[in-house]
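Each chain, written out:
There are 2 protein chains.
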Amino acid sequence: MRNFTFYAPTKIVFGKETIPQIGEILAADGVSRVVMVLGGGSVFKNGVHAAVTASLDKHGVAFSEMDGVRSNPRLTKVREIIDRLRSEKAAAVLAVGGGSVFDTAKAAALGALHDGDVWDFFCGKAQPAKALPVYGVLTASGTSSEMNHTAVVTREEDESKWAVYSPLLFPKVSIIDPSVQATIPENQTVSGGIDAITHVLEAYFVDAPGLDFVQDYCETLVRAMMRRIPELVKNPADYEARAELAWCCTLAHNGMSNIGRPARGDFASHRIEHSVSAIFDVPHGTGLAIIMPAWMAYVCKNAEPLFERFAANVFGIRDGENRALRGIAALKDYFRSLGSPVALREVGVAQADLPRIADNAAKLAPLGAVRKIERDDILKILELAW
Amino acid sequence: MRNFTFYAPTKIVFGKETIPQIGEILAADGVSRVVMVLGGGSVFKNGVHAAVTASLDKHGVAFSEMDGVRSNPRLTKVREIIDRLRSEKAAAVLAVGGGSVFDTAKAAALGALHDGDVWDFFCGKAQPAKALPVYGVLTASGTSSEMNHTAVVTREEDESKWAVYSPLLFPKVSIIDPSVQATIPENQTVSGGIDAITHVLEAYFVDAPGLDFVQDYCETLVRAMMRRIPELVKNPADYEARAELAWCCTLAHNGMSNIGRPARGDFASHRIEHSVSAIFDVPHGTGLAIIMPAWMAYVCKNAEPLFERFAANVFGIRDGENRALRGIAALKDYFRSLGSPVALREVGVAQADLPRIADNAAKLAPLGAVRKIERDDILKILELAW
Chain R
1 MRNFTFYAPT KIVFGKETIP QIGEILAADG VSRVVMVLGG GSVFKNGVHA AVTASLDKHG
61 VAFSEMDGVR SNPRLTKVRE IIDRLRSEKA AAVLAVGGGS VFDTAKAAAL GALHDGDVWD
121 FFCGKAQPAK ALPVYGVLTA SGTSSEMNHT AVVTREEDES KWAVYSPLLF PKVSIIDPSV
181 QATIPENQTV SGGIDAITHV LEAYFVDAPG LDFVQDYCET LVRAMMRRIP ELVKNPADYE
241 ARAELAWCCT LAHNGMSNIG RPARGDFASH RIEHSVSAIF DVPHGTGLAI IMPAWMAYVC
301 KNAEPLFERF AANVFGIRDG ENRALRGIAA LKDYFRSLGS PVALREVGVA QADLPRIADN
361 AAKLAPLGAV RKIERDDILK ILELAW
Chain G
1001 MRNFTFYAPT KIVFGKETIP QIGEILAADG VSRVVMVLGG GSVFKNGVHA AVTASLDKHG
1061 VAFSEMDGVR SNPRLTKVRE IIDRLRSEKA AAVLAVGGGS VFDTAKAAAL GALHDGDVWD
1121 FFCGKAQPAK ALPVYGVLTA SGTSSEMNHT AVVTREEDES KWAVYSPLLF PKVSIIDPSV
1181 QATIPENQTV SGGIDAITHV LEAYFVDAPG LDFVQDYCET LVRAMMRRIP ELVKNPADYE
1241 ARAELAWCCT LAHNGMSNIG RPARGDFASH RIEHSVSAIF DVPHGTGLAI IMPAWMAYVC
1301 KNAEPLFERF AANVFGIRDG ENRALRGIAA LKDYFRSLGS PVALREVGVA QADLPRIADN
1361 AAKLAPLGAV RKIERDDILK ILELAW
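Taken in sequence, the protein lines are chains R and G. Per this note's numbering, the very first residue in the first sequence carries number 1; after that it's consecutive. Per this note's numbering, the very first residue in the second sequence carries number 1001; after that it's consecutive.
One or more of the hints may lead you astray.
Unchecked claim - In silico negatives: residues of chain G with every beta carbon more than 10 Å from chain R:
| hint | residue |
| --- | --- |
| 1 | Arg1002 |
| 2 | Gly1041 |
| 3 | Ala1091 |
| 4 | His1114 |
| 5 | Gly1116 |
| 6 | Lys1125 |
| 7 | Arg1155 |
| 8 | Pro1185 |
| 9 | Pro1230 |
| 10 | Asp1376 |
| 11 | Leu1384 |
Said to hold, decoys possible - List time: in silico DSSO-like cross-link candidates among lysine-lysine, alpha-carbon distance up to 30 Å:
| hint | chain 1 | residue 1 | chain 2 | residue 2 |
| --- | --- | --- | --- | --- |
| 12 | R | Lys130 | G | Lys1172 |
| 13 | R | Lys58 | G | Lys1130 |
| 14 | R | Lys172 | G | Lys1130 |
Treat the hints as calculated values from the structure; they're not laboratory data. Every residue gets a Cβ at the ideal spot worked out from N, C-alpha and C, and that includes glycine.
The following block holds chain R by itself, in its conformation from the complex:
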């Protein structure tokens, strides 16, 4: 086991009818004014917006609202929110939405106290030193942004979808009421679930001695999510399935899967996918359903025993030839069975677009830990994924 630091200080308040606690939580922390960050409008239909604002009013927390955060969130919106945070002298940012809303709120929390451009943190020109506190009400599970130290944002002008990491970005408190997810679109449930599964797999394929328990944990988490997603495709209002999937999504990328590994995981698939979704605006989880199996096929010879273990313990493929590749094919079949696209051509990417995606992703190359991935490798993986 490699040395590691584990730190996930976010308080999770989880369950039915928990959203009306938000005002009391903020007031108890002495927060009297927030900017609320919102997405595309579902919170106005499912009662979440009404519950949050009633609670803020009740507990005397002043607020203003910034809506319109979309999936693959944009730097322009982050900058608008920073301006609002400053002009309102807000004491905290309140994310009310899914992972994109959380990422946007977190980036804005960092930018509001930075004497310069917030993108400085994404491109490494500045290191986070302070941030406004972030609180959240989660309405769609997937990214684990509600319990991690990451924010991913796209700068539109050069299609860079990059990440910033800092302990300052852990939300103080995240409320997760799984029942409000009963009405999200099926493809959002699927895409969010696939994102979470791939978060675990990014860690899983980078092994080290002494990780027997951690690897078992990763498999347990993946199997649980793989059971629950199709249950929700059948019955979106199944509370127990929603709750278990939501909790697993939160755990999938809160650091627990990553401990004790070289580089904490691989993440080449995520980096490549970020270039796909930055340019073509496909949902992140959909992009991963396409890219990750291609990456797996490309690198599996570099860690064949692990890929065979995955095939055995997740798909029961224990005998015969080519177990690693058969496990990868089974994963792709599983994604397809959920109704997810599994090839770039299915989401409007032309073969002629692949070099442009490779160029974009190669700005961060070399990628990965299972195998070092350069621009040429990225292009080959994109061709496999096409």
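Model the placement of chain G on the given structure of chain R, informed by the hints.
For chain G alone, coordinates are given in the frame of chain R:
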């Protein structure tokens, strides 16, 4: 899944040669003076004391030392440390030792800022409102005190071994270097490991709908610890086994196993054992190896499917009659195979002592969640355990 709050904000710094970070960690948090709480002296032999004091000196953190904390830690010692914290105007408490040292340091951190007797918090006369921050260097794994909100202390005059719980008691940072545990006595490795296994089982037998993943997680954790403890009995210096057992012990009682359950678990076995170890001063894990199988046999009819699941998934007992009881017998056999006593008579308890233990434990009755346990039930469990 029942509603829950998950909160475990302690930063864990884990691995070889991490102890020299302690001075820098304290200095970065602005802590310039601590009282260091120590146990029986092993830290002077294994280099931990030297590494800690050198790091504190290097980073300008002033300190004084309070040693002599023993297993089943005593209220008298907590009070002495509170006096020292006050007279020194210490800014934090630094635990350097095992679970008893952490529990003592945590209780003292609470008492130092309380205008009254620290026992008020244990008997419910006062609610924790503030505490000094606690930092720690763990030298023996078992209790998970390094990452939880609990402190258990014995008041000598009436043999009450009671607990206090508060979010204020999470250590800010706990350093865990598993390599320093290579020289702890075998029975301490075994007792600590058994304590951690039973922490998971206290949660596991209190089920609710929607906990499939959490139950799988508990089994994964128990199986991992059951693999590692005998490896360490054979080779105490096996780093990977130490590291994995240490991490599993930390997770076993940091709240992860307890989410979504009624009452967060049962804990009748722990309560009864506290009375055994308060009066007879046996190691806590040894007491649990004795009490928990007896409790399991006493209550298993109240949750038979869960006890059968345990037998199947932990011991492979999937066919035939009496699977629940056979699983319990297998657990007892496992504890015995580690060299642990498994009966009260083996640790110097006479049958005539049982009513006194029952009276002591019944001060907190009714106990438990699988089945409500009153004084008469406690006596029957003690007879089974005798």
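- Message: Which constraints among the numbered hints does this structure fail? Numbers only, ascending.
- Response: Violated: hint 1 alone.
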